[in-house]
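K.L.:
Starting from the known structure of chain U, fit chain F onto it as the hints suggest.
Protein chains: 2
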Amino acid sequence: MHLKNDLLLRAAKGEPTERTPVWLMRQAGRILKEYRAVRNGLGSFIDLVKSPEHAAEVTVQPVDILGVDAAIIFSDILVVPEAMGLPYEMVEKKGPIFPTTIDSIKDLDKVRVAEPETLQYVYDAIKLTKKELDNRVPLIGFTGAPWTLFAYMVEGSGSKTFSKARSFLYNQPELSAQLLDRITDTIIGYVKAQIEAGTDLIQIFDSWAGILPPEHYRAFSLPYIERICDAITEVPVTVFAKGAYFAREDIAQLNCETIGLDWNMDIEESRKLIGDRKTLQGNLDPCALYGSNSEVEQATKRMLDQYKGSRHIANLGHGVYPDTNPEKVKVFIDTVKEYSQK
Amino acid sequence: MHLKNDLLLRAAKGEPTERTPVWLMRQAGRILKEYRAVRNGLGSFIDLVKSPEHAAEVTVQPVDILGVDAAIIFSDILVVPEAMGLPYEMVEKKGPIFPTTIDSIKDLDKVRVAEPETLQYVYDAIKLTKKELDNRVPLIGFTGAPWTLFAYMVEGSGSKTFSKARSFLYNQPELSAQLLDRITDTIIGYVKAQIEAGTDLIQIFDSWAGILPPEHYRAFSLPYIERICDAITEVPVTVFAKGAYFAREDIAQLNCETIGLDWNMDIEESRKLIGDRKTLQGNLDPCALYGSNSEVEQATKRMLDQYKGSRHIANLGHGVYPDTNPEKVKVFIDTVKEYSQK
Numbered sequence: 438m439h440l441k442n443d444l445l446l447r448a449a450k451g452e453p454t455e456r457t458p459v460w461l462m463r464q465a466g467r468i469l470k471e472y473r474a475v476r477n478g479l480g481s482f483i484d485l486v487k488s489p490e491h492a493a494e495v496t497v498q499p500v501d502i503l504g505v506d507a508a509i510i511f512s513d514i515l516v517v518p519e520a521m522g523l524p525y526e527m528v529e530k531k532g533p534i535f536p537t538t539i540d541s542i543k544d545l546d547k548v549r550v551a552e553p554e555t556l557q558y559v560y561d562a563i564k565l566t567k568k569e570l571d572n573r574v575p576l577i578g579f580t581g582a583p584w585t586l587f588a589y590m591v592e593g594s595g596s597k598t599f600s601k602a603r604s605f606l607y608n609q610p611e612l613s614a615q616l617l618d619r620i621t622d623t624i625i626g627y628v629k630a631q632i633e634a635g636t637d638l639i640q641i642f643d644s645w646a647g648i649l650p651p652e653h654y655r656a657f658s659l660p661y662i663e664r665i666c667d668a669i670t671e672v673p674v675t676v677f678a679k680g681a682y683f684a685r686e687d688i689a690q691l692n693c694e695t696i697g698l699d700w701n702m703d704i705e706e707s708r709k710l711i712g713d714r715k716t717l718q719g720n721l722d723p724c725a726l727y728g729s730n731s732e733v734e735q736a737t738k739r740m741l742d743q744y745k746g747s748r749h750i751a752n753l754g755h756g757v758y759p760d761t762n763p764e765k766v767k768v769f770i771d772t773v774k775e776y777s778q779k
Numbered sequence: 438m439h440l441k442n443d444l445l446l447r448a449a450k451g452e453p454t455e456r457t458p459v460w461l462m463r464q465a466g467r468i469l470k471e472y473r474a475v476r477n478g479l480g481s482f483i484d485l486v487k488s489p490e491h492a493a494e495v496t497v498q499p500v501d502i503l504g505v506d507a508a509i510i511f512s513d514i515l516v517v518p519e520a521m522g523l524p525y526e527m528v529e530k531k532g533p534i535f536p537t538t539i540d541s542i543k544d545l546d547k548v549r550v551a552e553p554e555t556l557q558y559v560y561d562a563i564k565l566t567k568k569e570l571d572n573r574v575p576l577i578g579f580t581g582a583p584w585t586l587f588a589y590m591v592e593g594s595g596s597k598t599f600s601k602a603r604s605f606l607y608n609q610p611e612l613s614a615q616l617l618d619r620i621t622d623t624i625i626g627y628v629k630a631q632i633e634a635g636t637d638l639i640q641i642f643d644s645w646a647g648i649l650p651p652e653h654y655r656a657f658s659l660p661y662i663e664r665i666c667d668a669i670t671e672v673p674v675t676v677f678a679k680g681a682y683f684a685r686e687d688i689a690q691l692n693c694e695t696i697g698l699d700w701n702m703d704i705e706e707s708r709k710l711i712g713d714r715k716t717l718q719g720n721l722d723p724c725a726l727y728g729s730n731s732e733v734e735q736a737t738k739r740m741l742d743q744y745k746g747s748r749h750i751a752n753l754g755h756g757v758y759p760d761t762n763p764e765k766v767k768v769f770i771d772t773v774k775e776y777s778q779k
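These protein sequence lines are chains U and F, in that order. Going from the first sequence to this note's numbering is simple: count from 1 and add 437. Going from the second sequence to this note's numbering is simple: count from 1 and add 437.
Okay, chain U solo, but in the shape it has when bound (with noise of 0.2 Å):
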């Protein structure tokens, strides 16, 4: 089971590659017309989440047509939640909306730490898709982190502030303490599985990272991020924390082996805050692919040089924008490959 092309897994590990990998957030689903042909034809955007076979037909999808170095599984971060025992909806052009929320300690009752069966269906979806890729590329799986996950099922659906969230660890710190462990339990639990079906990496998701105060999130956030970092020992890990630009150092400090950076994030700081032992994700502008060719190309060039050489993976810094012309990610995709050349 030798995969033809692991350039992903190597550069992760730190190990040389011939070139610099190349993957985007989101890239399976939202820009891709193919994928919009598949999604018409379900009912929602859950059914598509819960139907393997379509999963692992949309997860292919960018790899055959854009020619990235990894394929991410088709899923969402907020399976977790509903495993849980918070079903939510999706509603189209608002988001996700809980109808029951987390408010009080009988509310704890309501959720409870998920078998990892409950999510069959995600692991079925990676099975068929590591069947369909034939080891032409690595497939990631995911999982939003503990805190992200806690935000929306305490606030009930995004917000710009996630107050009622963020005051929840403010006045019930030790239930909020209990809700991150039984999710962090039930994550661990996810991802172990996702591994056994075939994932070749796991990146974890804070989402809301860069909300919270940086003491919140040394408290609420990163010691659950390094429960999941300690237990997964079988597959290259990725922590990408959104915003939590003033936890780079603490980060550095996980088990993990690469670190995602937004667009937001100076790459040579980042690189003097985390050192040489991580290989960094990121980090263009998701905007940039608004550009003409050529100023998407010059864009991505200017992104590789900062990274000179070290130990990176192309992306964006956010996942790619619904309304991007796949034209433009193929420009990006494709200089990458070209220019990363050694």
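Only true hints are included.
Remember, identical chains collapse to one label, so a pair may be satisfied in a single copy or spanning two.
In silico DMTMM-like pairs for lysine to aspartate or glutamate, Cα to Cα no more than 20 Å straight-line:
1) K441 x E775
2) K745 x E775
3) K441 x D501
4) K601 x E732
5) K450 x D667
6) K601 x E764
7) K601 x D760
In short, the hints are calculated from the structure, not lab data.
P.N.:
Just chain F, lined up with the frame of chain U:
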């Protein structure tokens, strides 16, 4: 015309003060039932902004009710685009909407450098407020920073990503600079007239600073803020660039007296990056005010301890959230007043 309480101005200039001055961003409006009473008696938010008598009334309320050390004129950053030719509507629970936006070179004709007189209603509100304050505390005037106003004028509304406004910077850099120039010229006339009318300090809000990559922030925001800072020679200036952690050293070079910190910014690190020649303003997490009285008190003291008696104006790290209990705001203010007593 001596101010009875000039703590804010002395702290801004780095002069000795008996204790740390304190006020809150968005203190005029939002949390007080007395504000809601005035607001409900009028047609809309914009009607209130344009009624000098009522704007003055709600500006003075927090001085009377909460005991803050400064008033900030009740207004909106979007009066500037409106004066330039782009009117907006304020939609309840959604925020501002611009029916017309700047999309291309021909749209530049839609906006002009506004004559300061266009905003006479703001200066009238300032004059009335000064009379009602009767020199009890200073009055703060304000403006949005050029980039933040540009973001609304191009995007047409608030946005999680401001991808339309940000892509404009990539695709139309020269047009962007022209628009930013016009906004800057308008702002300079506007703040000069605010000072003429009686404001004792000007704060520049760059609310969407944190969404730009560092090199875009340096190209499309800082030079315009610099021009405004250089133009204001009459009163102290505060620059609050939310999320622009990567630009703290650059902001320290501006002709301003005070730099605002948001709640993500580490106080000691910020002091190190900014140096001793500026006053820092902030930066308690607005969510800390959702705690019990004793939790609010503890959090406020922890914040004050971190400033270690250096040049400081106490505030939150963001505008006060609308559902905050005014009693907690009072605990925050009283704790600053007592605990910082020298």
